[in-house]
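Number of protein chains: 2
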Amino acid sequence: MKFTINKEIFTKALLNTTKIIQPKSINAALVNIKMVLDANGLNLTGSNGGDISISQTIPLYSGDQEIIRDVRPGGVLVNAQILTNIARSIDGAELTFELMDDSLAKIANEKSVFKLNSIRVEEYPEIDFSKSGTRVEIPTKDFIDSVNEVSFAALTKESRPILTAVNFCGSNGCLTMTATDGARLAEKKLSVVLDQVFSINIPSKSLMECVKSITNEQKIVLYISEKKVIFELKDTLISSRLVAGEYPNTKNIIPKQFNYFLEVNANEFLTAMNRTSLLSVERENVVKVTMNSQRVEISSKSQQVGSAVESLNVFKFTGERLEISFNSELVSAAIKALKSEDVLISFIGEMKPFTVTNKNDSNIIQLITPVRTY
Amino acid sequence: MKFTINKEIFTKALLNTTKIIQPKSINAALVNIKMVLDANGLNLTGSNGGDISISQTIPLYSGDQEIIRDVRPGGVLVNAQILTNIARSIDGAELTFELMDDSLAKIANEKSVFKLNSIRVEEYPEIDFSKSGTRVEIPTKDFIDSVNEVSFAALTKESRPILTAVNFCGSNGCLTMTATDGARLAEKKLSVVLDQVFSINIPSKSLMECVKSITNEQKIVLYISEKKVIFELKDTLISSRLVAGEYPNTKNIIPKQFNYFLEVNANEFLTAMNRTSLLSVERENVVKVTMNSQRVEISSKSQQVGSAVESLNVFKFTGERLEISFNSELVSAAIKALKSEDVLISFIGEMKPFTVTNKNDSNIIQLITPVRTY
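These protein sequence lines map, in sequence, to chains A and B.
Mapped onto numbering that gives the first Met the number 0, the consecutive letters of the first sequence carry residue numbers 0 to 373.
Mapped onto numbering that gives the first Met the number 0, the consecutive letters of the second sequence carry residue numbers 0 to 373.
Check the hints yourself; a few may be wrong.
Copies of one chain are not kept apart here, so a pair can be met inside one copy or by any two copies together.
[What the hints assert, rightly or not] Straight-line Cα separation of at most 20 Å, PhoX-like style, residue types lysine-lysine; simulated pairs:
(1) 110 - 300
(2) 335 - 18
(3) 105 - 300
(4) 110 - 315
(5) 114 - 300
(6) 204 - 226
(7) 358 - 255
(8) 338 - 358
(9) 130 - 226
(10) 6 - 156
(11) 204 - 23
(12) 105 - 1
(13) 156 - 250
(14) 218 - 233
(15) 211 - 18
(16) 315 - 156
By construction, these hints were calculated from the structure, which means they are not laboratory data.
Start from the sequences and build out the full structure, keeping to the hints where you can.
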């Protein structure tokens, strides 16, 4: 196995495929990157062992540009992190990779010679990148937006594995993505062409890694089978396990009727809330909003350090006087995910979940559970 | 006590005086900032309890610009971190601070009202900022350069307290600053006006904090007494404890005669060394340099991952063939501290300390102990 490759393209592909690799793995082969060179180009495979694997092929040519030359086919495993660090730091526009024997690979240019211990390609575990099952095509812009709008709301701890996933539910030409950690919920609806009904739970982390792998593709294609989902980009396949089990029924959680409506400028509301939460020490990040049609105040109180009151300049409030307390971090994350200049916050009452939405886009809803006002 | 103050100037002074304050302190009063307002302006004092204390005075006027207005003199202690966070995040160009009673302070502008629990100013420990003892004046540029050139070489662990300090030794119109952690040593000489001989040990961290406090001053004045040193800037006084005990005698450590001389381009040498050390896994960061007049190679070897060899394009070597191994991190830090395009490395032999210097500036010397070549 031997090849001379464009350094920049090689480094980018290495970064993309090695970003998920864990420096320590139960299966020792998985600290390596798998490289297979044939007439299609150089295929790189990296895996974190259980959740996600990425396979990217660097073609020999990109249009007229020769990317890989002096090709002698073959395959090998080498330490992913060290190879990536070498590729990104080596001087010059090209580097040459050459397998010396069954256990030694050489990476070199005019000034540098690295010899890396290597492993036979057969030692790598079989990873299923087969494009089977239900096919769903999503424009990458919609996919990126959706992941950014919902995946942060999933649980980050493993205490309830099902909640670390984002539920993808497809029916009637609509894909509904839902994430919740128990205290908040984000739901996004997307129109897509569907020929089958499905409900799968994709680890939130896998979705974020997918987003990072997108370069300039127009679309991403999902192939959903029983235990895995494949994401297909131009030169990249990402395989993620699905989280088993039934996702909690969230259909009736989002209220339809509200009694109070507060429209605010996102930026003013965020900065006022952040300042107020500086004084929220004992009950971390809990702030209180007191609203009537004349005045909206955000406040917090701490026995230990003191109190803060902020009043808003720009707002529109409809309803009776209302006082409600919540974790400002949750509301802050929800508002930021909307990426909207103005947001609408709709309440039922002081102890009922409330929604944070963008007036001009009803496809995304953020729901937050308040906390008891003291 | 009451005042209305320019927010930006107040925030900068708060950041300068609170940067050393520890969030937890044995003396509970020291998590606070001390503020005293009188006809001279607003004096802020922060302290980390033992090593260093900073006192800065914001004048009422800066030239024609009114900085503080509506002044009602007084003093108070408030939580340093919270006050700083409020000042930096509050909207508008000014804020008003007002002491409500013995235990409550109000910080406000049109939109925000913060009430902070406060403590009587008398609760703050006495800190000695008296300008007594030997006076030494240093241009700030020289002071900053010197601190950057030597202080990194001090010990960071507390295992030998004396080595956490930089030794300032003054005699015959020359100030010699020395720092060593046992494996490397940095020595800088500076011509200054001196009327007394002294040798003091200033904690390396205090010096770095001093450098951060410098704004646009032309000079810094040191007042050296038995147990402390005062650094005087325009509106700021910094008091640092001295480390007791005698500094190791380093006078005869720096060799005068060398047998091998290697001149290199700093940048090429650094990048080649960094790449080589990627493969230095078992003996962390150890690399070997092999030199003769035709060729200079930097190499490393690891049983576990492999080997690396880099050759230099630009160099000048004088002497017989030499092979020497060292910790590349130490040499890297030494080269960076010199801030020179080319550096001269002078060797006696493979197991003797070697120097890294700037050919055009003999006032700064970096000395490094090699390790055994394997």
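Query raised in the report: Hint by hint, which ones does the structure fall short of?
Result: 2, 10, 13 and 16
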